[in-house]
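Put chain B on the given structure of chain A with help from the hints.
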Amino acid sequence: KAGVTQTPRYLIKTRGQQVTLSCSPISGHRSVSWYQQTPGQGLQFLFEYFSETQRNKGNFPGRFSGRQFSNSRSEMNVSTLELGDSALYLCASSLAFGSEQYFGPGTRLTVT
Amino acid sequence: GQQVMQIPQYQHVQEGEDFTTYCNSSTTLSNIQWYKQRPGGHPVFLIQLVKSGEVKKQKRLTFQFGEAKKNSSLHITATQTTDVGTYFCAGLWGTYKYIFGTGTRLKVLA
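Heads up: the sequence lines are chains A and B, in that order.
By my numbering, the letter at position 44 of the first sequence is numbered 44, and the numbering carries on one by one without gaps.
By my numbering, the letter at position 63 of the second sequence is numbered 1063, and the numbering carries on one by one without gaps.
Take every hint as true, because none was put in to throw you off.
No more than 27 Å apart at the CA atoms, straight line, and that leaves these computed lysine-lysine pairs for BS3-like:
#, chain 1, residue 1, chain 2, residue 2
1, A, 13, A, 57
2, B, 1056, B, 1070
3, B, 1070, A, 57
4, B, 1057, B, 1107
5, B, 1036, A, 57
6, B, 1051, B, 1070
7, A, 57, B, 1097
8, B, 1036, B, 1097
9, B, 1097, B, 1057
Computed from the model, here is a short list of chain B residues facing chain A with C-beta under 8 Å:
#, residue
10, 1042
11, 1088
12, 1097
13, 1100
14, 1103
Here are the in silico distance ranges between beta carbons for each label pair:
#, chain 1, residue 1, chain 2, residue 2, range
15, A, 17, B, 1005, 32 to 42 Å
16, B, 1060, A, 77, 36 to 46 Å
17, A, 16, B, 1051, 42 to 52 Å
18, B, 1009, A, 60, 21 to 31 Å
19, B, 1027, A, 41, 16 to 26 Å
20, A, 99, B, 1027, 17 to 27 Å
21, A, 39, B, 1020, 16 to 26 Å
22, A, 3, B, 1110, 27 to 37 Å
23, B, 1060, A, 44, 29 to 39 Å
24, B, 1020, A, 60, 29 to 39 Å
The set of hints was computed from the structure by calculation and includes no laboratory data.
Glycine included, each C-beta is placed from N, C-alpha and C at the ideal position.
Pulled out of the complex, with its shape left as it was, chain A reads as follows:
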């Protein structure tokens, strides 16, 4: 079974730009969660999607948004990038929320 894939793996953007990150969950997994990982703040929950519906959202500004498609693939978007948005963005899929999460390799975003 293929694992969780994330594209792109690396991104360099400048302040003020926007970015879209993609996550393809394991086949059959319908729950997708997104996390931001930074050295200072650790792993922070962004949002969770199931059947194209956002069921929960973390404490991030409205510049962070996401969506899920009918095939369970998910995207997250960050608009008006700030230097502090530089981080590793991880997505995790699970068969059902509350069961073990399988993480993708992450997208490392650098904002200059």
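Same frame as chain A, but now just chain B:
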């Protein structure tokens, strides 16, 4: 606010010594998961605990969930160099939201 603290933040041990990391939540958790992240890698699931007072073992690893479901621990017996990495707990907070602990970075000296 929602907090899951882990101690210690760092731990250096000699190979063969034991290691324990503790996870404490400010509120009751529905369940708790443990993950290991190797340097440069992504978190990998280790175990999930659901019941109050639950204890689970995986070879040299022992996981416990507190009676009040607010704390948990991971104990590794006789550490090996392959145990190097950061160990995170993740508590299920309310619905559809996992709060990750701050992590414990383990270094094993050969």
